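Peer 1: What follows is each chain in one-letter form.
Protein chains: 2
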Amino acid sequence: MMNSIVEQMNVFFNPRSVAVVGASRKVNKAGHVIFKNFVINKRRNVFKGELYPVNPKEEQILGFPCYPSLKKIPGEVDLAVIVVPARYVMETMREAAEKRVKAVVIVTAGFSEIGNRELEEEITEIAKKAGIRVLGPNCLGVYDSETGVDMLFLPETKVLTTGEEVVATPRPLPGSLGIVTQSGAFGVSALDYLTGRQMGVSKFVSFGNKCDVNEAEMLRYLLHDEKTRVILLYVEEIGNGREFLKVAKEVTKVKPIVALKSGRTTAGARAAASHTGAMAGSDQIYNAAFAQAGIIRAENMEEFFDIGRALALQPPAEGKNVAIVTDAGGPGILAVDECELRGLNVKKFSDELIQKFEQLKDEGKIPRFATNLNPVDLTGSVRSEMFEIAVKILFEASEVDGIIALGLHHAPELQGDFVDRIANVARNYRKPIVACDIGETEMALYVRSRFEKLGIPAYGSPEDAARSMHALVKYGEYLKKKNCFERYVDEFLKRRK
Amino acid sequence: MMNSIVEQMNVFFNPRSVAVVGASRKVNKAGHVIFKNFVINKRRNVFKGELYPVNPKEEQILGFPCYPSLKKIPGEVDLAVIVVPARYVMETMREAAEKRVKAVVIVTAGFSEIGNRELEEEITEIAKKAGIRVLGPNCLGVYDSETGVDMLFLPETKVLTTGEEVVATPRPLPGSLGIVTQSGAFGVSALDYLTGRQMGVSKFVSFGNKCDVNEAEMLRYLLHDEKTRVILLYVEEIGNGREFLKVAKEVTKVKPIVALKSGRTTAGARAAASHTGAMAGSDQIYNAAFAQAGIIRAENMEEFFDIGRALALQPPAEGKNVAIVTDAGGPGILAVDECELRGLNVKKFSDELIQKFEQLKDEGKIPRFATNLNPVDLTGSVRSEMFEIAVKILFEASEVDGIIALGLHHAPELQGDFVDRIANVARNYRKPIVACDIGETEMALYVRSRFEKLGIPAYGSPEDAARSMHALVKYGEYLKKKNCFERYVDEFLKRRK
Numbered sequence: 168m169m170n171s172i173v174e175q176m177n178v179f180f181n182p183r184s185v186a187v188v189g190a191s192r193k194v195n196k197a198g199h200v201i202f203k204n205f206v207i208n209k210r211r212n213v214f215k216g217e218l219y220p221v222n223p224k225e226e227q228i229l230g231f232p233c234y235p236s237l238k239k240i241p242g243e244v245d246l247a248v249i250v251v252p253a254r255y256v257m258e259t260m261r262e263a264a265e266k267r268v269k270a271v272v273i274v275t276a277g278f279s280e281i282g283n284r285e286l287e288e289e290i291t292e293i294a295k296k297a298g299i300r301v302l303g304p305n306c307l308g309v310y311d312s313e314t315g316v317d318m319l320f321l322p323e324t325k326v327l328t329t330g331e332e333v334v335a336t337p338r339p340l341p342g343s344l345g346i347v348t349q350s351g352a353f354g355v356s357a358l359d360y361l362t363g364r365q366m367g368v369s370k371f372v373s374f375g376n377k378c379d380v381n382e383a384e385m386l387r388y389l390l391h392d393e394k395t396r397v398i399l400l401y402v403e404e405i406g407n408g409r410e411f412l413k414v415a416k417e418v419t420k421v422k423p424i425v426a427l428k429s430g431r432t433t434a435g436a437r438a439a440a441s442h443t444g445a446m447a448g449s450d451q452i453y454n455a456a457f458a459q460a461g462i463i464r465a466e467n468m469e470e471f472f473d474i475g476r477a478l479a480l481q482p483p484a485e486g487k488n489v490a491i492v493t494d495a496g497g498p499g500i501l502a503v504d505e506c507e508l509r510g511l512n513v514k515k516f517s518d519e520l521i522q523k524f525e526q527l528k529d530e531g532k533i534p535r536f537a538t539n540l541n542p543v544d545l546t547g548s549v550r551s552e553m554f555e556i557a558v559k560i561l562f563e564a565s566e567v568d569g570i571i572a573l574g575l576h577h578a579p580e581l582q583g584d585f586v587d588r589i590a591n592v593a594r595n596y597r598k599p600i601v602a603c604d605i606g607e608t609e610m611a612l613y614v615r616s617r618f619e620k621l622g623i624p625a626y627g628s629p630e631d632a633a634r635s636m637h638a639l640v641k642y643g644e645y646l647k648k649k650n651c652f653e654r655y656v657d658e659f660l661k662r663r664k
Numbered sequence: 168m169m170n171s172i173v174e175q176m177n178v179f180f181n182p183r184s185v186a187v188v189g190a191s192r193k194v195n196k197a198g199h200v201i202f203k204n205f206v207i208n209k210r211r212n213v214f215k216g217e218l219y220p221v222n223p224k225e226e227q228i229l230g231f232p233c234y235p236s237l238k239k240i241p242g243e244v245d246l247a248v249i250v251v252p253a254r255y256v257m258e259t260m261r262e263a264a265e266k267r268v269k270a271v272v273i274v275t276a277g278f279s280e281i282g283n284r285e286l287e288e289e290i291t292e293i294a295k296k297a298g299i300r301v302l303g304p305n306c307l308g309v310y311d312s313e314t315g316v317d318m319l320f321l322p323e324t325k326v327l328t329t330g331e332e333v334v335a336t337p338r339p340l341p342g343s344l345g346i347v348t349q350s351g352a353f354g355v356s357a358l359d360y361l362t363g364r365q366m367g368v369s370k371f372v373s374f375g376n377k378c379d380v381n382e383a384e385m386l387r388y389l390l391h392d393e394k395t396r397v398i399l400l401y402v403e404e405i406g407n408g409r410e411f412l413k414v415a416k417e418v419t420k421v422k423p424i425v426a427l428k429s430g431r432t433t434a435g436a437r438a439a440a441s442h443t444g445a446m447a448g449s450d451q452i453y454n455a456a457f458a459q460a461g462i463i464r465a466e467n468m469e470e471f472f473d474i475g476r477a478l479a480l481q482p483p484a485e486g487k488n489v490a491i492v493t494d495a496g497g498p499g500i501l502a503v504d505e506c507e508l509r510g511l512n513v514k515k516f517s518d519e520l521i522q523k524f525e526q527l528k529d530e531g532k533i534p535r536f537a538t539n540l541n542p543v544d545l546t547g548s549v550r551s552e553m554f555e556i557a558v559k560i561l562f563e564a565s566e567v568d569g570i571i572a573l574g575l576h577h578a579p580e581l582q583g584d585f586v587d588r589i590a591n592v593a594r595n596y597r598k599p600i601v602a603c604d605i606g607e608t609e610m611a612l613y614v615r616s617r618f619e620k621l622g623i624p625a626y627g628s629p630e631d632a633a634r635s636m637h638a639l640v641k642y643g644e645y646l647k648k649k650n651c652f653e654r655y656v657d658e659f660l661k662r663r664k
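Top to bottom, those sequences are chains R and H. Quick note, the first sequence lines up with residues 168 to 664 if you use this note's numbering. Quick note, the second sequence lines up with residues 168 to 664 if you use this note's numbering.
Hint data in this document are derived by calculation from the structure and do not stem from the laboratory. Being a predicted model, the structure only gives us computed values, none of them experimental. Treat the hints with care, as some may be off.
Because identical chains share one entry, a pair is satisfied inside a single copy or across any pair of copies.
The calculated lysine to any residue pairs, modelled on SDA-like cross-linking and capped at a C-alpha distance of 25 Å, are [stated by the list, open to error]:
hint: 1; residue 1: K394; residue 2: P534
hint: 2; residue 1: K196; residue 2: E552
hint: 3; residue 1: K209; residue 2: G531
hint: 4; residue 1: K203; residue 2: K238
hint: 5; residue 1: K203; residue 2: I228
hint: 6; residue 1: K664; residue 2: T432
hint: 7; residue 1: K295; residue 2: E580
hint: 8; residue 1: K413; residue 2: G282
hint: 9; residue 1: K515; residue 2: I172
hint: 10; residue 1: K664; residue 2: E393
hint: 11; residue 1: K413; residue 2: K649
hint: 12; residue 1: K203; residue 2: E243
hint: 13; residue 1: K420; residue 2: I452
hint: 14; residue 1: K238; residue 2: V421
hint: 15; residue 1: K215; residue 2: P534
hint: 16; residue 1: K209; residue 2: F536
hint: 17; residue 1: K193; residue 2: G583
hint: 18; residue 1: K620; residue 2: R364
hint: 19; residue 1: K224; residue 2: S548
hint: 20; residue 1: K620; residue 2: G363
Let the hints inform the model, and build the full structure from the sequences given.
Peer 2: Structure below.
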């Protein structure tokens, strides 16, 4: 009897037993690194399944008895990770079928991406007949911090010519982002980026040539994965579009999908074809399909991560009226421009709201020279409590759907505590807020990381903050159209507590 | 007799004597910080001029005898920095006129930007009659690392709630970027950003309300400043457009100007009006004017800095045919897309060039599975010397005008030395190259900073690298149109040696 898709996909992330076919004693080999990852996680009691190295030339690897083939393994094998050269993969697949392996990950490259379509098709055929689900070939496989499944074979550290050992391929922190990527290299870059920015990952899966398992199935699995709250999807093509859209529509009602789709131009599509054999297809069609399914499309890599972070940390906006509060005029204008260019409104406030700020001026609570038409410019005379009071008024105002706080730390009397003050106000409201501080030296890095620690995504430029707010607005619009807005925000706030 | 504009502007950057009107003993006051900056630089023998604090309430400040007014200063005063409250500025200006001060910087705010146009006009009138050049009001003034002129009054460090003292407003390294900014807050953010990214600054000037000295004059001055190789210009409006364009056209023949112009949208223009009293004007007009004058316009803050760095480190491109070399397929496609979307060509290579790569494959010098149609994808099997050899072939190819090297460090056998190898090849050619490595942990930070140390601008995303290459192409096109390309590149390469 065929298991459900979710159960099938679960084997990749939570197998009761794993065989590494092509496990090696040579430390530089992928077959060594992958096997060692499992060994370490098993010793730490993170990976709880059985573990079998397969290699006809070895007696044992890292203390585990080695088997000459899959068939010779005494126990059942849920998942086989295949790292042998392409010419041996067929034989391995036949054995996997005989052994009634449930799923395989083919890390090995050298299939359709270099024109070797026939071999890939034959392998797929064997798998289909045997009911084996296949991830890959030409992929990085799976990383799951919770279950200890870790197929990343890239060296975690490297030694520089200076003799210094540095982190080269970091393992991500546990978190709420699910990474689904066609390109392995892009995937590993994503992990490096996210780790450096302290953004946690729930699950990571790299597809490669996608001879069998596809995005639609993975989305269905992640839909049911409690840990995953936002899905980041990098694709060069999407195969069975109809199924994909159907699942995506279900997913986006309860968790956002951010997509980075490459191969947009003719030259890019040509490059994609020789990368993963992808047929990129018309970019307009993808645009329309993504919009229809509520998938938020990022224009580029940085936006992809920036938006992901915003959606992970903040609720969507109920409308597109944005208020900007700043202590720096110029950057404030840059934020206004970017919002407006993207179709958000940075409207002049109502007289009633302006009056509230005027009153604060009269009471000496914000600088007399502050402007308050939107942006609210607290000027270089800002003090921490002024940001707090201004943000509170904006959260309370029904004419404001979302807030961009440009807290440039350089103002002489602004202290680091302004971040905590803003965050303390923000947690009482259902509206989203994003922050920005410009700079790359100590205080700026502190301000941004402190904001994020307190749940407010913070960016290094006003435009980055604005486009993240744009994503929160766009997703809010979609949820409202689908009548899911209130439920989503309720759930979001429940988790935030 | 009227001095030349260059001589007049030079007083702001290289005064023989400076009076700080409103100098203070109170450490949190701008009048203290500015005066102290000069004192420290004088003690270090960086600032070599005379120095006079002016404050009727003090006898001496930091060991310098204090004068009750400008008039009472015994020696000549080249430059007066005015930090007294707005209501005292008029009187100070009258004294400056009497004292025959050559130039003043009015740091003080509270003029046209809050509707106080009359006061600003009266002050401007006095200055005009007396032949005093005025920077400001409502500005941050000048910073020049060479002469020790430093009017940045924002605290260099701040103390966090944890008790830790951190750098808050860094002074930039000496370098080749001239920063010309209307917004002081944007300017100080720029310094923070540039310092953190190890980009050096030649001169910094903040205009504020621009009651007198304007961009055109400052551009003329920077045209003649040997230290300044690239000008970064942030503006909300440009007053005398005709003069500005005339000077800009002269400048861009010998050094690039990158402009970030805010107030692009109606809402942004409204915000600009209440910031520096700017009348932003039609964005299309600015676009056309900038293009006509060879000014490269950045779309946003990050692009502004990214482009500036590219132009500072690399020569412009002679045409728009870009070659991409990568070890990561996905990011390679992202770079292709961005290039093509911006109008660059990432053409399939000629048969002859493809043949060269095929030969390398046959010789085992690059991976057999490498693709070489453009991008050249050296795949995850890349080794350092493969990047070197591939880049050399691309530099030699007449069909290639510029190179984007995506050296993602994660590939197992790629060592840190690939950066040096690429840079060693690059320095023998007149073509531009830009690099990218994705990631935010140790190795990625090392790779990017090493690239830049060796003169190759390096970015954290493929798209950022592509748009920097686009700027190098655009500037090259302009120079060629003006018949200045060869001379510019000759000069550039002479300096690079």
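Peer 1: Next, verify each hint and record whether it holds.
Peer 2: Okay, the hints, checked on the actual structure:
no., hint, in the structure
1, K394 - P534, "neither (45 Å within a copy, 39 Å between copies)"
2, K196 - E552, "between (57 Å within a copy, 20 Å between copies)"
3, K209 - G531, "neither (62 Å within a copy, 39 Å between copies)"
4, K203 - K238, "within (22 Å within a copy, 80 Å between copies)"
5, K203 - I228, "within (9 Å within a copy, 67 Å between copies)"
6, K664 - T432, "neither (44 Å within a copy, 38 Å between copies)"
7, K295 - E580, "neither (67 Å within a copy, 35 Å between copies)"
8, K413 - G282, "neither (31 Å within a copy, 57 Å between copies)"
9, K515 - I172, "neither (51 Å within a copy, 41 Å between copies)"
10, K664 - E393, "within (16 Å within a copy, 58 Å between copies)"
11, K413 - K649, "within (14 Å within a copy, 56 Å between copies)"
12, K203 - E243, "within (21 Å within a copy, 76 Å between copies)"
13, K420 - I452, "within (22 Å within a copy, 44 Å between copies)"
14, K238 - V421, "neither (43 Å within a copy, 72 Å between copies)"
15, K215 - P534, "neither (60 Å within a copy, 38 Å between copies)"
16, K209 - F536, "neither (63 Å within a copy, 35 Å between copies)"
17, K193 - G583, "between (50 Å within a copy, 22 Å between copies)"
18, K620 - R364, "both (11 Å within a copy, 24 Å between copies)"
19, K224 - S548, "between (73 Å within a copy, 24 Å between copies)"
20, K620 - G363, "both (14 Å within a copy, 22 Å between copies)"
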